[in-house]
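Let's have the full structure, built from the sequences with the hints guiding it.
2 protein chains.
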Amino acid sequence: MKCRVCKGPAVIDVRRHNANFCAEHFLRLCRDQVAKAIKDFSMLAPGERALVAVSGGKDSLAVWDILLELGYQADGLYLGLGIGDYSDSSGAFARAFATERGLTLVEVDLPTDHGFDIPTGARAARRAPCSACGLSKRHLFDDAARQGGYDVVVTGHNLDDEAAVLFGNVLHWQADYLGRQLPVLPARDGFPRKVKPLVRLGERETAAYCVLRGIDYIVEECPMAAGNKHLGYKEALNAIEATSPGTKHDFYFGFLDRASHRFADDAGAEREALGPCATCGAPTTGEVCAFCRLVERAAVPVELGRRR
Amino acid sequence: MKCRVCKGPAVIDVRRHNANFCAEHFLRLCRDQVAKAIKDFSMLAPGERALVAVSGGKDSLAVWDILLELGYQADGLYLGLGIGDYSDSSGAFARAFATERGLTLVEVDLPTDHGFDIPTGARAARRAPCSACGLSKRHLFDDAARQGGYDVVVTGHNLDDEAAVLFGNVLHWQADYLGRQLPVLPARDGFPRKVKPLVRLGERETAAYCVLRGIDYIVEECPMAAGNKHLGYKEALNAIEATSPGTKHDFYFGFLDRASHRFADDAGAEREALGPCATCGAPTTGEVCAFCRLVERAAVPVELGRRR
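Residue numbers (the working numbering), protein chains in the order written: chain E, 1 to 308; chain U, 1 to 308.
Reference excerpt, derived from the structure (chain E facing chain U, CB under 7 Å, subset only):
id, residue
1, Val170
2, Leu171
3, His172
4, Trp173
5, Ala236
6, Ile240
7, Thr243
8, Gly254
9, Phe255
10, Ala259
11, Arg262
What follows is a list of derived Cβ distance ranges for each label pair:
id, chain 1, residue 1, chain 2, residue 2, range
12, E, Lys7, U, Thr112, 52 to 60 Å
13, U, Gly275, E, Ala35, 45 to 53 Å
14, U, Thr112, E, Gly268, 57 to 65 Å
15, E, Asp88, U, Arg15, 35 to 43 Å
16, U, Gly102, E, Ala225, 56 to 64 Å
17, E, Asp40, U, Leu68, 51 to 59 Å
18, E, Gly268, U, Arg101, 53 to 61 Å
Source of the hints: derived by calculation from the structure; they are not laboratory data.
Where is the CB? At the ideal position from N, CA and C, for every residue including glycine.
What follows is the structure in structure tokens.
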């Protein structure tokens with residue numbers, strides 16, 4: 001197995017590219033793919049201040065590292081979600097990464113700052129944990145970026161993530177979600193732009209990137225995610241990718257090229273219906289945004305919430 | 001396990017409907033679902049002459065049987081594709097069904113009438129067997145219906161088939177295919193309408209229908225299809241359906257309701273580019289249609305064809 005670039009011994013095969021790479025040229029491939037995504041979708045401009053949403057996992061640490069390697073200015077944001085040992089452990093990986101490199105890591109703790117954790121909040125609001133977690137994260141990312149004066153929030157969503165989300169949206173033909181499933185969401189109403197620079201890398205590649213760069217990350221998946229639909233969609237796509245490498249890439253980028261514009265009006269209609277949340281000012285289609293409603297319900301003792 | 005309708009002992013559960021049925025009410029469910037599909041999509045009008053494409057498998061025999069039960073006038077068409085024992089055996093099931101019931105079964109034999117079988121034709125044309133077979137079947141169905149003066153060609157595509165085809169089209173975002181993946185294709189240029197009355201039934205249901213009605217059908221899948229992508233798409237969707245019953249139905253009917261119109265222009269553009277095949281007159285986007293090109297190549301001895 002020889003490196004496509006230098007013909008030296010390869011350490012990894014990337015079937016989607018039908019090629020093998022040595023460590024040096026694999027790391028370059030990863031950086032080049034991120035640079036290409038940033039350029040193709042106008043994600044970041046030189047001099048902009050980026051805030052990377054860091055979970056302590058392979059994707060968010062890889063994207064932070066690559067952005068710095070590419071010369072961008074990027075701080076990290078770690079959200080403590082109160083998911084027991086998992087949160088303790090993932091926070092430690094995020095902090096170690098930042099400390100070793102002398103980077104700025106902003107921290108927000110959901111239990112301390114908002115009085116509830118994800119397991120409790122999900123139960124109180126009768127939401128699936130991943131749903132309560134997702135909306136909390138989106139809200140807190142926005143909030144932290146606005147308060148810190150950042151231009152853009154960076155997340156570590158990779159090709160596998162985006163293909164699985166797309167698959168779920170397509171299975172249910174959620175036109176509004178399809179209309180805004182893009183690698184860049186523009187800034188609006190004082191809320192920062194959101195970008196996904198890893199859309200051209202699979203999760204096997206971000207894991208290999210971290211290993212080869214000596215980046216320690218939390219390997220365990222979030223215990224609350226076990227058995228969720230998103231993982232089922234990933235497995236289904238993995239089975240197809242195994243026999244037809246490149247299918248995920250074609251699915252996601254084919255969507256961006258040839259289909260997403262067909263759903264843009266639906267997302268636009270939803271965007272126009274947005275107004276400021278009466279409680280916090282975040283954009284929402286209702287009176288009060290989903291996060292503030294979650295806070296309100298989660299503040300109620302769990303037992304009381306159940307009886308409502 | 002009790003029948004949802006009569007509370008008698010049930011013989012089958014249909015998880016998608018979250019219900020169990022006795023034999024009588026399951027058969028009624030199948031007929032009702034077909035009647036609903038016919039009505040919702042204006043597939044057939046009373047008095048029209050239908051030609052059912054019969055393979056000898058569960059789906060085509062079930063749809064033929066149900067159409068007759070619902071009072072429609074329907075003859076069968078069996079295509080001999082020259083796929084060895086499989087064709088001999090499937091033809092015998094189709095003939096037995098027709099003979100026992102005194103029905104008309106039109107027969108067309110690809111080797112006898114056009115000088116090649118599917119394995120040879122696929123090799124000669126360097127096409128995947130399922131691709132050569134599909135285009136041959138479409139051509140010969142059209143041809144037989146036109147010659148026999150039928151108003152409509154009926155095929156036994158079920159919900160599993162259509163969901164898997166849709167999945168393949170979506171994975172590659174084939175806009176023109178998506179624009180014409182409908183349960184009814186209207187008649188044009190003297191070619192008959194094509195309809196799929198089983199789109200509301202899964203393949204487990206059409207199999208159970210045949211068993212309960214005492215219809216003998218060929219259980220084996222076509223040997224040439226083993227390992228094809230379509231089966232991979234079916235497996236992927238089956239894994240999701242197993243944990244979320246109803247997903248396939250939502251995927252397919254959600255597409256028809258909320259997405260297919262977004263691709264209609266692409267299919268329309270292709271339709272407008274159609275002209276008559278210089279050899280046979282069938283609609284084609286080229287000079288000569290794909291079937292006539294296949295005939296031309298397949299007539300060449302296989303060894304010669306390989307060396308081209």
